Amino acid sequence: MRATIKNYVEAANRRREEEGEEGFSLIELIIVVVILGILVAVAIPIFASIQTEAENRALEAAAANGATAVAAAIAADATSDEITAAAQSGGAGGAEGIATASTGSTTDVSAVCVKATGYGREASAGTAPGCYSAPADVATTPPAGG
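Under the UniProt record's numbering, the first residue of the sequence shown carries the number 1, and numbering increases by one thereafter.
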(Lines of atoms letter the chains of each structure in order from A and count residues from 1; the text may use other names and numbers.)
(Lines give C-alpha, C1' and ligand atoms only; values in the text may rest on other atoms or scores of the structure.)
Protein backbone atom coordinates (compact mmCIF):
# COMPACT_ATOMS: atom_id res chain seq x y z
CA MET A 1 0.00 0.00 0.00
CA ARG A 2 2.80 2.39 0.96
CA ALA A 3 4.66 1.74 -2.29
CA THR A 4 1.46 2.30 -4.26
CA ILE A 5 0.86 5.70 -2.65
CA LYS A 6 4.51 6.63 -3.12
CA ASN A 7 4.39 5.66 -6.81
CA TYR A 8 1.14 7.60 -7.28
CA VAL A 9 2.58 10.74 -5.66
CA GLU A 10 5.76 10.53 -7.75
CA ALA A 11 3.78 10.03 -10.96
CA ALA A 12 1.49 12.94 -10.09
CA ASN A 13 4.50 15.16 -9.38
CA ARG A 14 6.11 14.29 -12.73
CA ARG A 15 2.83 14.97 -14.58
CA ARG A 16 2.45 18.35 -12.85
CA GLU A 17 6.02 19.34 -13.70
CA GLU A 18 5.47 18.46 -17.35
CA GLU A 19 2.23 20.41 -17.53
CA GLY A 20 3.50 23.34 -15.48
CA GLU A 21 0.88 22.93 -12.71
CA GLU A 22 1.58 24.19 -9.20
CA GLY A 23 -0.01 23.44 -5.83
CA PHE A 24 -0.89 20.38 -3.83
CA SER A 25 -2.71 17.29 -5.02
CA LEU A 26 -5.78 15.97 -3.23
CA ILE A 27 -3.88 12.98 -1.85
CA GLU A 28 -1.24 15.26 -0.32
CA LEU A 29 -3.92 17.35 1.37
CA ILE A 30 -5.68 14.25 2.70
CA ILE A 31 -2.41 12.93 4.15
CA VAL A 32 -1.79 16.25 5.91
CA VAL A 33 -5.32 16.27 7.36
CA VAL A 34 -4.92 12.68 8.62
CA ILE A 35 -1.60 13.50 10.29
CA LEU A 36 -3.10 16.58 11.97
CA GLY A 37 -6.06 14.49 13.15
CA ILE A 38 -3.72 11.96 14.75
CA LEU A 39 -1.77 14.72 16.50
CA VAL A 40 -4.98 16.27 17.86
CA ALA A 41 -6.24 12.87 19.06
CA VAL A 42 -3.01 12.38 21.01
CA ALA A 43 -2.81 15.94 22.38
CA ILE A 44 -6.36 16.33 23.78
CA PRO A 45 -6.03 13.73 26.59
CA ILE A 46 -2.66 15.16 27.57
CA PHE A 47 -4.05 18.69 27.94
CA ALA A 48 -7.14 17.41 29.79
CA SER A 49 -4.96 15.69 32.39
CA ILE A 50 -2.90 18.86 32.82
CA GLN A 51 -6.06 20.84 33.63
CA THR A 52 -7.28 18.23 36.13
CA GLU A 53 -3.89 18.17 37.84
CA ALA A 54 -3.89 21.98 38.10
CA GLU A 55 -7.36 21.94 39.69
CA ASN A 56 -6.23 19.30 42.20
CA ARG A 57 -3.16 21.34 43.12
CA ALA A 58 -5.32 24.46 43.55
CA LEU A 59 -7.57 22.60 46.00
CA GLU A 60 -4.61 21.25 47.95
CA ALA A 61 -3.07 24.73 48.14
CA ALA A 62 -6.37 26.27 49.26
CA ALA A 63 -6.74 23.67 52.02
CA ALA A 64 -3.15 24.19 53.18
CA ASN A 65 -3.52 27.99 53.16
CA GLY A 66 -6.80 27.72 55.06
CA ALA A 67 -5.22 25.43 57.66
CA THR A 68 -2.35 27.87 58.15
CA ALA A 69 -4.77 30.80 58.52
CA VAL A 70 -6.90 28.87 61.03
CA ALA A 71 -3.88 27.83 63.10
CA ALA A 72 -2.72 31.45 63.22
CA ALA A 73 -6.20 32.64 64.22
CA ILE A 74 -6.47 30.01 66.99
CA ALA A 75 -3.02 30.93 68.27
CA ALA A 76 -4.17 34.57 68.44
CA ASP A 77 -7.25 33.59 70.54
CA ALA A 78 -9.70 34.53 67.79
CA THR A 79 -13.45 33.99 68.06
CA SER A 80 -15.23 31.18 66.25
CA ASP A 81 -16.49 33.55 63.56
CA GLU A 82 -12.99 34.97 63.03
CA ILE A 83 -11.58 31.45 62.71
CA THR A 84 -14.18 30.52 60.10
CA ALA A 85 -13.43 33.76 58.23
CA ALA A 86 -9.71 32.94 58.39
CA ALA A 87 -10.37 29.50 56.90
CA GLN A 88 -12.38 30.98 54.07
CA SER A 89 -9.95 33.79 53.32
CA GLY A 90 -7.02 31.37 53.46
CA GLY A 91 -8.81 29.18 50.94
CA ALA A 92 -9.68 32.09 48.63
CA GLY A 93 -13.35 31.38 49.22
CA GLY A 94 -16.26 32.54 47.17
CA ALA A 95 -14.75 33.07 43.73
CA GLU A 96 -16.03 31.10 40.75
CA GLY A 97 -14.29 27.72 40.61
CA ILE A 98 -11.98 28.52 43.53
CA ALA A 99 -11.96 26.48 46.69
CA THR A 100 -13.75 27.54 49.84
CA ALA A 101 -12.57 26.27 53.19
CA SER A 102 -14.14 25.31 56.48
CA THR A 103 -12.55 24.31 59.76
CA GLY A 104 -13.14 21.52 62.25
CA SER A 105 -11.53 22.64 65.53
CA THR A 106 -11.89 26.21 66.79
CA THR A 107 -9.93 25.87 70.03
CA ASP A 108 -6.94 23.53 69.60
CA VAL A 109 -4.16 24.51 67.21
CA SER A 110 -3.02 20.87 67.03
CA ALA A 111 -6.47 19.72 65.85
CA VAL A 112 -7.02 21.91 62.80
CA CYS A 113 -8.55 20.35 59.70
CA VAL A 114 -9.59 22.49 56.76
CA LYS A 115 -11.51 21.03 53.85
CA ALA A 116 -11.40 22.84 50.51
CA THR A 117 -14.07 22.11 47.90
CA GLY A 118 -14.30 23.12 44.28
CA TYR A 119 -14.33 21.76 40.73
CA GLY A 120 -16.60 18.96 41.95
CA ARG A 121 -13.86 17.60 44.23
CA GLU A 122 -12.40 18.27 47.65
CA ALA A 123 -9.08 18.18 49.49
CA SER A 124 -8.19 18.59 53.14
CA ALA A 125 -5.15 19.70 55.11
CA GLY A 126 -4.32 20.27 58.73
CA THR A 127 -2.91 18.81 61.92
CA ALA A 128 -5.95 16.96 63.28
CA PRO A 129 -5.61 13.17 63.64
CA GLY A 130 -8.63 12.51 61.39
CA CYS A 131 -7.57 15.04 58.77
CA TYR A 132 -6.30 13.19 55.75
CA SER A 133 -4.60 14.40 52.61
CA ALA A 134 -6.36 12.26 50.03
CA PRO A 135 -6.16 13.01 46.33
CA ALA A 136 -8.59 15.77 45.48
CA ASP A 137 -10.77 13.58 43.28
CA VAL A 138 -11.50 11.02 46.03
CA ALA A 139 -14.99 10.96 47.54
CA THR A 140 -15.60 13.03 50.66
CA THR A 141 -15.64 10.10 53.11
CA PRO A 142 -12.48 9.69 55.22
CA PRO A 143 -10.65 6.35 55.23
CA ALA A 144 -11.82 3.65 57.65
CA GLY A 145 -10.55 4.12 61.19
CA GLY A 146 -9.71 7.81 60.60
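For the record, the hints were derived by calculation from the structure and aren't laboratory data. Any given hint could be a false lead.
Said to hold, decoys possible - Below, in silico cross-link-like pairs of lysine to any residue (SDA-like), each with a Cα-Cα straight-line distance of 25 Å or less:
1) K6 - E28
2) K6 - A48
3) K6 - E22
4) K6 - V34
5) K6 - L26
6) K6 - I38
7) K6 - F24
8) K6 - I30
9) K6 - S49
10) K6 - E19
11) K6 - L36
12) K6 - L29
13) K6 - A43
14) K6 - I44
15) K6 - G20
16) K6 - E17
17) K6 - E18
18) K6 - G37
19) K6 - F47
20) K6 - G23
21) K6 - I27
To be verified - If you anchor each label on the Cβ, the simulated ranges turn out as follows:
22) R14 - A48: 15 to 21 Å
23) V42 - N13: 25 to 31 Å
24) G37 - A76: 55 to 61 Å
Owing to the predicted nature of the structure, the values given are computational and were not obtained by experimental measurement. Using N, Cα and C, we set each Cβ at its ideal position, and we do this for glycine too.
Hinted pair, alpha-carbon criterion (25 Å max): K6, E22. Please report holds or violated. OK: K6 and E22 at ~19 Å, within 25 Å.
Take a look at whether the Cβ-Cβ distance between G37 and A76 falls inside 55 to 61 Å. holds, 59 Å
Verify the proposed pairing of K6 with F47, using a straight-line Cα cut of 25 Å. violated, 34 Å
Hint check: K6 vs G20, CA-CA at most 25 Å. Holds or violated? holds, 21 Å
Restraint status (C-alpha distance of K6 to I27 at most 25 Å): Measuring from Cα to Cα gives roughly 11 Å; hence the hint holds.
Given the proposed pairing of K6 with I30, does the C-alpha separation stay at or below 25 Å? holds, 14 Å
Agreement of K6 and E19 with the hint, judged by alpha carbon distance not exceeding 25 Å: Distance of about 20 Å is within 25 Å: holds.
Hinted pair K6 and F24, Cα distance within 25 Å: Within the cut-off at roughly 15 Å; holds.
Please work out if K6 and L36 have their alpha carbons no farther apart than 25 Å. The given pair, whose Cα atoms are some 20 Å apart, holds under the 25 Å limit.
So if I understand the rule, the pair passes when the alpha-carbon distance is 25 Å or less; does K6 with I44 pass? violated, 31 Å
Mind checking the alpha carbons of K6 and S49 for me, to see if they're no more than 25 Å apart? violated, 38 Å
Taking 25 Å as the top limit, are the C-alpha atoms of K6 and E18 close enough? holds, 19 Å
Going through the hint list in order, the structure does not satisfy hints 2, 9, 13, 14, 19 and 22.
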